[in-house]
Amino acid sequence: MEKKRILVVDDDEEVCNSFKQLLELRGYSVDVAKTGREAIEKSNANFYNLALLDIRLPDMDGTELLTKMRDTIPKMVKIMVTGYPALDNVKDAINKGANGYIVKPAEIDELLRTVKEHLDRQDEERKYSEKKVAEFIESRYREDETKPTKN
Amino acid sequence: MTHSTQSTVSNLDVYGSVDQELSQIVAEMSVKQPSFLSLRRYIVAAALVFLGLYLTSLYSYQLFHAIAEIFGIVVAFAVFVVAWNCRRLTDSGYLLFIGIAFLFVGITDLAHVLTYHGMIVFSGVNENIATQFYIAARYVQSVSLLVAPLLVSRRLRIEFLFLGFATVTSVLLTFILLGFFPCGQFVDGTSTEFKAVSEYAISLIFLASIFTLLLKRKEFDSSVSQLLIASSGLAAGSELSSALYVGTYFFNLVGHFLRVLMSYLFYKALVEISLFKPYDMVFRNLKLSEEKFKLEVDKAQNYLDTVDAVLIALDVDGMITFVNRRGRELLGTRVGEALGKDWFDTYLPSEIQKDVKRRFQSLVKGRTAIPDLLFDRYETSIRDANGVERLIAWHNTVLKDEDGHIIGMLSSGSDVTERKSVERDTTRYTQLLEELVAERTRKLRQAERLAAIGELASMVGHDLRNPLQVIFTQLYLAKEYISAMPDAERAVLEKVGLAKMWESLGKQVEYMNKVVSDLQDYARPIEPKTVEVNLRDLVVDTLSSMTIPPNIKVSLMIDEKFHRVIIDPALMKRVFTNLISNGVQAMPDGGQLTVKASWAAETASIDFKDTGVGIPEENLDKLSQPLFTTKAKGQGLGLAVCRRIVEAHGGIIKVESKVKEGSTFTIKLPHERRKEGK
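These protein sequences, in sequence, are chains A and B. Numbering that gives the first Met the number 0 puts the first residue of the first sequence at 0, with every later residue one more than the last. Numbering that gives the first Met the number 0 puts the first residue of the second sequence at 0, with every later residue one more than the last.
Just so you know, these hints were derived from the structure itself, not from any lab. Any given hint could be a false lead.
Claimed, not checked - If you want the footprint, here are the derived chain B segments under chain A, 3+ residues with CB under 8 Å:
| # | stretch |
| --- | --- |
| 1 | 454-466 |
| 2 | 475-481 |
Claimed, not checked - Below, computed lysine to aspartate or glutamate pairings styled on EDC-like, alpha-carbon distance capped at 20 Å:
| # | chain 1 | residue 1 | chain 2 | residue 2 |
| --- | --- | --- | --- | --- |
| 3 | B | LYS506 | A | GLU109 |
| 4 | B | LYS528 | A | ASP91 |
| 5 | B | LYS478 | A | GLU109 |
| 6 | A | LYS90 | B | GLU526 |
| 7 | A | LYS41 | A | GLU63 |
| 8 | B | LYS552 | B | ASP567 |
| 9 | A | LYS115 | B | GLU479 |
| 10 | B | LYS608 | B | GLU655 |
| 11 | B | LYS528 | A | ASP87 |
| 12 | B | LYS364 | B | GLU401 |
| 13 | B | LYS506 | A | GLU106 |
| 14 | B | LYS513 | A | GLU109 |
| 15 | A | LYS33 | B | ASP462 |
| 16 | B | LYS478 | A | GLU106 |
| 17 | B | LYS506 | A | ASP108 |
| 18 | B | LYS513 | A | ASP108 |
| 19 | B | LYS513 | A | GLU106 |
| 20 | B | LYS667 | B | ASP567 |
| 21 | A | LYS90 | B | ASP567 |
| 22 | B | LYS478 | A | ASP108 |
| 23 | B | LYS478 | A | GLU23 |
| 24 | B | LYS340 | B | GLU350 |
| 25 | B | LYS478 | A | GLU13 |
| 26 | A | LYS67 | A | ASP10 |
| 27 | A | LYS19 | A | GLU109 |
| 28 | B | LYS595 | B | ASP540 |
| 29 | A | LYS19 | B | ASP297 |
We put the CB at the ideal spot given by N, CA and C, even for glycine.
Produce the entire structure from the sequences given, and follow the hints as far as they go.
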């Protein structure tokens, strides 16, 4: 099965590297971006199943970055990473399309579980939608079969 | 006559002297010469004198006559001497007039005695002359007594008086010696018509003098005027007796007795009283001015009494000589009662008597800090009427006599007891206020400090999150790598204890993370989102998420009706967690943890009671200060955060503790109106 692709966005190089190492160990393909701008560029050039977005970046807020990243199919899972959870931050992030929230420093098990859960759900959804598409095609095909062909 | 001197001394008491000083003198004299003459003895003495005179007259009428007349002359001269010496003491013309008149009367009487028949002084002198001298002397005497009372309030020039009387006397004596004076006696010794008429006339003039005296009696001391009236009456009687005498031996004798008595009374009125009662003397004008003076003194005393200050005068020995009304009220004494008492011994508390007395003595000896400035201010306690000590502020001035000798001290004092106590109250309130201000300032500084700490904590926490995250991740990776190693390689690492090291590092980092998050918790503003919560469920939930050691027994005492409170469950759960874990940590050897809820009118209380080690008293106050901890491992933010959360709910958190018995933390929350019918 093809490796899931993850983009880690954090201005701290060590955080990026250690997350990359960790996630790669769990079998993900990881890219890192240290600024909002780099993150947008990378997301435009490549497809990522999931992005871990630090809420505070040197050039823009993580929430701002949420709105600037291109929509993809399947939809990229966006998880916010922040120092301390503040209700306003959380509301803002979710309204702007964040799928999850992780408090930094995060327990590694919790982090991995969160990432995996979201990716699994993404898989489910993709499978569901593929199945729906297949069913749709199949039903249209059958409709064509049963209908007498008009000259 | 020495006896009579003594008798008059004692008789002065009969006159009712009011002058204390004089009666004191009299008393002293009485002691020296014991009074042995009552009125009865007095009469006996007089009778003996008259008997003696009578017997003398039997022996020699000339001798009797001479003694009787000379007595009168001596008295007349004595009156002059007194009048002369008192001339500057009185403005009254009376005494001076009488005194000079009597001098010349005495001279004339002396002439009478010396020319009396049978006397061998002037031989060959007409016996008639003696009678003429006598009549002339009586005229002058009676007229003087008649006129003198009218002059009582007049000022007379002494030289004119002398000149006047000298002239009159000279003229009379000249006339008599030259034979121009009417004949007084026939050759056979019987009276001439002139003599008889003169004696009636003189007797009337004496009586008239009583009248003039009565006219002016207000000017005289009552005892003096009585004596003078009696004396004039006797003089009149004597002349009458003489007029009736007509050669009768008896009447002549009685006439002379009466004259002796008259002279004696005169002596008493004008000489003796002058000597022994010099101040309310012969004339009341002196006494009047004394009364006036007394009135002035009374007035002054009234002024002093109206002064709302304590005035006390002391003599040099510290004896009280004067106390005004305010002073008497303070000391609780009546007028005169305190006089003569030792001020220091009587009214000062014993412990300060010595000092104040020493101070007083140096003052009355004229020793003050600044020479010539003989006053002094100080405050002393004194005992008032009820024995209560009162604080008096004194201003003391020394009193001096005319010669500048210090004779005592006048102290004016005001009662400052109340003022002092007000001052003390004010001082106390001021101190209290200062303490309050200091306390507030301290709290404010503390708050500022905490705010600064909070800000710092937030910054530190934020900056630590990345390193912590990296460490977490790396540790996780290391563990993963180790577990993924071939057994042989892993055995080498485990041999050097690396696995345990990782574990230890992991725990420490977890703890660091807790510190950081607590710091951030503390720094974060707390805004509870309250909902209705089942308290019992919340406590149970909290307990279930914690690990309670098996040696600790937990009991819940939460009433059924207590099920719902309005709180922020997430925040309150943290408070509960904190308090429960505190209790658990306080009981390392096990014990009983009780969570009890109770309901009062205004508040809901939740107690967390442990049977642990307890908290020493000195630490109780610091308990909810941030960064205070007694735990070897603890950052001391737990209770501070609890307190902030509870206070954000409008409640308070209290602690009661006894070392070795345990602690009880109590949360009191105001409960909003519970929703009915739900």
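Holds or violated: LYS33 of chain A and ASP462 of chain B, Cα atoms, limit 20 Å. Cα-Cα ~17 Å, so holds.
Quickly compare the C-alpha distance for LYS513 of chain B and GLU109 of chain A to 20 Å and report which way the hint goes. holds (16 Å)
Agreement of LYS528 of chain B and ASP87 of chain A with the hint, judged by alpha carbon distance not exceeding 20 Å: holds (14 Å)
Quickly compare the C-alpha distance for LYS667 of chain B and ASP567 of chain B to 20 Å and report which way the hint goes. Since the Cα atoms of LYS667 of chain B and ASP567 of chain B sit roughly 15 Å apart, the hinted pair holds (cutoff 20 Å).
Sort out whether GLU655 of chain B lies within 20 Å of LYS608 of chain B, counting only the CA atoms. holds (9 Å)
At least three residues with a C-beta closer than 8 Å to a C-beta of chain A: is that true for the stretch 475-481 of chain B? Holds, because 3 residues of the stretch 475-481 of chain B bring their Cβ atoms closer than 8 Å to Cβ atoms of chain A.
Mind checking the alpha carbons of LYS90 of chain A and ASP567 of chain B for me, to see if they're no more than 20 Å apart? holds (19 Å)
Check the hint pairing LYS19 of chain A with ASP297 of chain B against an upper bound of 20 Å on the C-alpha distance. Roughly 117 Å separates the two Cα atoms, so the pair is violated.
Sort out whether GLU23 of chain A lies within 20 Å of LYS478 of chain B, counting only the CA atoms. holds (15 Å)
Hinted pair, alpha-carbon criterion (20 Å max): LYS19 of chain A, GLU109 of chain A. Please report holds or violated. holds (16 Å)
Would you check the hint for LYS478 of chain B and GLU13 of chain A, treating anything up to 20 Å between C-alpha atoms as holding? Distance ~18 Å between LYS478 of chain B and GLU13 of chain A Cα, so the pair holds.
Given pair status - ASP108 of chain A, LYS506 of chain B, alpha carbons within 20 Å: Since the Cα atoms of LYS506 of chain B and ASP108 of chain A sit roughly 15 Å apart, the hinted pair holds (cutoff 20 Å).
Going down the numbered hints, you'll see the structure goes against 8 and 29, while the others check out.
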